[in-house]
Structure formats: C-alpha cells, structure tokens
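Peer 1: Keeping their order, the protein sequence lines are chains A and B. One rule links them: number in the numbering used here = place in the first sequence (from 1) + 1. One rule links them: number in the numbering used here = place in the second sequence (from 1) + 779.
Relax, there's no trap hidden among the hints.
Negatives, chain A to chain B, calculated, CB over 12 Å:
no.: 1; residue: F70
no.: 2; residue: L80
no.: 3; residue: L113
no.: 4; residue: F118
no.: 5; residue: H162
no.: 6; residue: L192
no.: 7; residue: T203
no.: 8; residue: W213
no.: 9; residue: L220
no.: 10; residue: T222
no.: 11; residue: L228
no.: 12; residue: T232
no.: 13; residue: P233
no.: 14; residue: Y303
no.: 15; residue: M304
no.: 16; residue: L307
Cross-link-like lysine to any residue pairs, in silico, SDA-like; alpha carbons within 25 Å at most:
no.: 17; chain 1: B; residue 1: K968; chain 2: A; residue 2: A156
no.: 18; chain 1: A; residue 1: K248; chain 2: A; residue 2: F298
no.: 19; chain 1: B; residue 1: K868; chain 2: A; residue 2: I292
no.: 20; chain 1: B; residue 1: K895; chain 2: A; residue 2: V71
no.: 21; chain 1: B; residue 1: K868; chain 2: A; residue 2: V137
no.: 22; chain 1: B; residue 1: K1008; chain 2: A; residue 2: N61
no.: 23; chain 1: B; residue 1: K1193; chain 2: A; residue 2: W175
no.: 24; chain 1: B; residue 1: K918; chain 2: B; residue 2: S835
no.: 25; chain 1: B; residue 1: K1190; chain 2: A; residue 2: E84
no.: 26; chain 1: B; residue 1: K895; chain 2: A; residue 2: G66
no.: 27; chain 1: B; residue 1: K868; chain 2: A; residue 2: V255
no.: 28; chain 1: B; residue 1: K1156; chain 2: B; residue 2: A1075
no.: 29; chain 1: B; residue 1: K970; chain 2: A; residue 2: S150
no.: 30; chain 1: B; residue 1: K894; chain 2: A; residue 2: G66
no.: 31; chain 1: B; residue 1: K868; chain 2: A; residue 2: S278
no.: 32; chain 1: B; residue 1: K1208; chain 2: A; residue 2: S62
no.: 33; chain 1: B; residue 1: K868; chain 2: A; residue 2: T136
no.: 34; chain 1: B; residue 1: K1113; chain 2: B; residue 2: N854
no.: 35; chain 1: B; residue 1: K894; chain 2: A; residue 2: S67
no.: 36; chain 1: B; residue 1: K1208; chain 2: A; residue 2: P65
no.: 37; chain 1: B; residue 1: K840; chain 2: B; residue 2: T877
no.: 38; chain 1: B; residue 1: K1190; chain 2: A; residue 2: M176
no.: 39; chain 1: A; residue 1: K248; chain 2: A; residue 2: L236
no.: 40; chain 1: B; residue 1: K894; chain 2: A; residue 2: P69
Derived by calculation from the structure, the hints in this document are not laboratory data. Each residue gets a CB set at the ideal place from its N, CA and C atoms; glycine is no exception.
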Amino acid sequence: MTQARPGRLEKLPRSMLPKGRAFRQGPTALILLLPSLVVVFGIVLYPLLRTLYTSLFDVNSAFPGSYPFVGLGNYLEALERAEFWAAMLRTAYFTLSTTVLEVVLGILLGLLLNAEFRGRWLLRSIVILPWALPTVVNGAMWRWILNPSYGALNALLTQLHIIPEYRSWLGTPWMALNMVVIADVWKMTPLAAFFILAALQTIPRDLYEAAWVDGAGRLRTFFSITLPLLTPTILIILVLRTMEAFKVFDIIYVMTRGGPADGTQTIAYYTYVEAFSNQLFGYGAALAYVIALFILFFAIIYMRLLRRGEVEY
Amino acid sequence: MSAGERSNERRKLSRREFLELGAAGTGLLLLSGCGGGQSAGSGTLNALFMKQAAYSETDVKNMTEQFQKQNPDINVNLTFVAYEALHDKIVAAAPAGTYDTVLVDVVWPAEFASKKMIVDITDRFPESERSKIFSGALKTTEYEGRYYGVPWILDTKYFYYNKSMLGEASVNSPPDTWDGVVEAARAMKSKGVVEYPLVWSWAQAEAIICDYATLLGAYGGQFFDERGKPAFNTGGGLQALEFMRMTLDEKISNPASTESLEEDVRRIISQGEAAMVLNWTYMFSLTNDPNESQVAGQIDIAHTPKGPAGTPGVNGSMGMAIANGSQNQDAAWKYIQFMTSQKIQNQYAELSLPIWKSSYDDKQVVQALPQVVPIAKEQLNDMILRPVVPQYNDVSHTLQVEIQQALAGDKTPKQALDDAAKEVAETLKS
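Can you make the complete structure from the sequences, with help from the hints?
Peer 2: Listed below in structure tokens is the structure:
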C-alpha cells in the first residue's frame, strides 16, 4: 500500500485542480518572474559568459572595439608563464596554511568557548570581533602592527627581548607572505570557531556520560566522540575557507600590493595586475576562468566528501 | 495542514521579494541610462586627483573653490586616491566615463594616448603657451609629438639631509657625490649617530623605479639603447643596482626600505631615524614643520649627488588630462587651464613648484621656498625620463620585481637585470 504524501500539490491529478487557475498560472508566473530573471541573467550569467568571450580575444583596452581572436591562446600563454605558476604555488601555500591553521585554531577556540566558565558570554562576543572587521580595515591594521619603525609587533618583541632590534616584517618575500597568512588567520579563525561551537552544542551530553562511565579519558573522548561528530562541520569550514583563500585579493592589496619581489602575488592578484595595470583584459579574463575552474574542482571534491559524510550518519 | 500553509506563505513571500528585487534592478538600469546633455562650458565635472606628495588635498580643494567662485555655472566634484591606485582607477573608470579630468603621471601618456583614453589637446594648447613652460614638464603629457594634457606638477626627487646629524659625525660639508654619501653614512653608523643613515622608497611600486632611475642616470646608464633594446643590464644601470645592494649589505640603508614608499621615508627622517634620503619637493616643507616632524629646522635640500656621469633627478612630473569619456570637455578644459595657470601655481608653491619658467623669479614663489627655488632652478633642467612605452606598467613591474630580488639577495644584480632585460624585450615585442 502506498501512502499519499501530504504537501505535494503537483502530484494531484490535473482534473482535481480548479480549471481556470491552472491554465493562467504559467504565463502569469513567467511574467512575474521576468524581472528577477533579468536580474539573475544580467548580474550573474551575462558577466560570466562575457568574461568567457573576452578570454578568447587579445583585448588590450577597456574600451569596446574589435580585437583579434586568439582562441585558447590566452589560456596557453598562462600555462607557459613562470609568473603564473609562481603565483599558483604561492596561492596553494596561502590556501593550505591559512585553512589548516584556521581549522585547528578554530577547533581549539570552539572547545574553549563551549566550556563552562565565568565571563564566557564576554569572551564569545569579543572573539567574533576580528571576523566582523572589514578585510580592508584588517589589512591596514596589520600594516601598522608590522610597521618596521613604529609598529606594535617590533615594540612588543624587543621589549620582551625576543628579538634584539627592530626588523622589517614585510620587506622580504617569504616573511611577507607568512605575515599575510597570519593576518588572514587572525581574522578568519573566529568564523571557524563559531561553526565548531554550534556543532559542539548539538552533541548530546549522554554520549560523553556514557564514555566517562566506560572509563574513557578526555583525549580519548575528544578523538572518539567529539572529532568524528565534528567532521561534517569541519568539512564545511574547509570548503568555505579553501575557496575564499584561493581567491584572496583584498588583504594583499592593502598589506603588500603583491610585493616585495612579487612574493605575495597570489593568482587573484596576478589576474588583477594583468587586467587593470597592464590592460591585458583578454589574458586577465582567461586567468579569471582558470581560478573559477580550480574552485569548481574543489567544490566537486568537497561535495562528494560531504555527501559521504552524510551517509555515515 | 499548518505545514502546508506555512510553505505556501513562504512561497508567496519569496515571490514578492523576487518582484522587489526585479523592480529595483530595472530601476537601476533605467537610472544608468540617464545623464549627459550639458551645454558647453558649464555643468558638473568629476575630477580625479591623488592623495600624497605635491599639492595637498586641502590645496586642491582651495584651488577648486577659487575656480568655482569664478565659474559659478561649473560644479566640480573631487576624488582623491592613493598614487598607487591612480592608474588602475583611471583604467577601470574609462569605459564608463566617470571622470572628466584625470591626473596622469609622466609614465602613462604613452599608454593612455595610444589606447585613446585621454584627449589630444594640442590644438587647445598653443606653442605660445608651451614655450613658457619648462621642457621637462612639457614631456609629461607629450606622446609622439602631440599633447594629451597640461603639466601641473613639476617635480623631481631631491637629496635631503639632516644637518645636525652630519655635524655629529663631523662631516663638515654635505656630500655632493654618491661616494661621499656612502662615506658620510659609514661615519654616522660607526659613530652611532643613527642606526641606518639612509632610507629609500624601495617597495614594490613605481617609487623604486624613480630611485633607480636617479642612480642609473648618475652612473651614466640608459634604460634603452638607440635601437630600443633594453640596456639597463650593462654599465650604469648595473652599477646603480650594485650600489643599492651594497648599501643594504653594509647596513647603511634601512632594511625596511624594501617595504617603504615616499611617505614612509618622510616619516622615518621626520622621526630622526635617518639622515639622508631622496624625496619629492613636498617633503621639504613637511619635514621642517614642527607639527609634522621632530627634526624641524634640521633638514636641508640639495641637488642630487653626483655620480661618474652626472647629477640627474628623475622626472616625476604629472599632468592634468581630459578623459575621453567626458561629456563636458569644454568645462574640463576651463578647469585644467585654471588649475595649471601661473597665478594659481605661484599662489600654492609651498608644496609643489610651478611649471612656468618665469615663476622661479617671482617673489611669491621664491618667498614660499627660499631654500628650494635656487636648487630647483638647476635640477629641473637636469632630469632623466623613465622609458616612454605604451607597455610601461608591465616593463616597470618586471624591473621592480627583479631589482627587489637582487636587493633581497635572491639573485646577483647582474642576473636580476639580465632576466629583467630578457622579459622586457619580450613584453615590448608583443
């Protein structure tokens, strides 16, 4: 015996619907949806397709006009350039290090915020502040902190006798890249922590009680109960953060402008420089598509992982 | 039932939201279609300027107010952005025609003119006017014999030094050669007068190319040879970079130089943490202003130090141009004429010197900057241009990166400049 499912109007036989209404609803709906379709197509699809179209031409000016068709030439050029691969490698390092640090610190912070202690409400509200700051403000703030002659970091470290003299933090490529990583981690860890906190609050207490009765210690409880139950949330954080980190632009624009010696030039920044500073819009559009493809690739992998995670429950 | 009602409710709500969004979107589209259609020489102008160096924001606002008083039918909206963002802002705004007048650096007219982003104003700018202007300034807006704007800021990087610090290190006369600068710096360092006697604007930005160009000229180098091939990787160009690297290796240059711009240099010397620097005209007044500087009264200005080949200063002039998308070019031209006029420039000479030759004998100008004007008179006739090519930004970026790699010690100066030359040749070919 199949049971009739409630709430599914469209499954009802056509003859049971009021006649005139069914006839008119289609066109009316279409008319009513038209404005939103215009918005969706105008704002999402048109730029997307337009960028794809641009990426096939050697466009070297912001003005409309006729430019030579180069097919996949712009894409091939990207793959041949050492600059492109260096930017990709830097982006990979930035993505990997920020995401890992943000997840690990986020879990630790989430556990702390979930613990019972006095003034927890205060800590919870303070912790969210870095995330609430606009990225541009965050970048400018870290520039000040890291300033070689009057920055807070140099003052702190010399007064604690950790470093003997003031030093330059954004003046060498490798150091600068790591400083940008730190600034990003500082800002985005609270987001991860709040995801984790939300997930922790859904774990039933009786699971922990049962574990304690069985004699499991704190670490064992964490690795056997907490962590496995956090996995879906961690995956969501990973998805969000890798995609965001891969596209990182604003914090770099404010802190280092890609320098020194291109040491902080990520793929999104490289795209910007080629498109707007060098006016190679065709090449820039191709680079933008390469970024989009990479993110799509991540998205597919993560979707699979997430779906598998769901099955286990 | 209640669940069904709720979901119905939700559907209705979201449909309304859709409609609202749609209406808003259509409204925006309609709005953007409006605008334009003003009569000649009146209406609203949007003008783009930069925040730092030369005239201050307050100066520009005051000049503009004066203009509006004289031209009540023209309304000027001012926008200020950091120099580092100026080029990209002009490019991004060009197709939309956002700005009527834009401030262009001496290195951009080749690019902007060849891409028709700024208007050829040769016919509005007669020879009789041009002949009254310093030739170094005129080059700012010239490309292939045509003029694409009027020079407004005539500037070069001068040599600044802290008199009392030199005295403390018993350097009796200010050094007038680069070798002398190094010797003085060594003396100051060894006597503990200052940790890093020199600081430079060597961040990855146009600023590092300005300093490099000054040194390249002093050592007799060339950016390109007569056939247009890169030549900075030999002779003076190479010696200039070797000099830069040496000052970092000897720790007489502040290691923070590689992350500093002109404003950072100004702050560091104003705090008494450096003794000798290169910077634009505007720094003289500010470092000697007690509100801005802890070493006010101690900073003096000089001609750039001499290298084996001479004492050129980098041509860092800027001009005002009419953007091609401007709907109001006559009014824009009126505004440019006013802003670049000798009268206005003489009045605001304290932070930026006029483009007009005769201004340098004008009482008002000489009194504004009595120490600077005699030096400027000489230095402004002795300037080196950065390369004039439409792909300038690409070329400059390549040089910035390679020079910084040499300064960071990742490459030898020779290797870095050879790599840069190869890449620049490639860029110019395409």
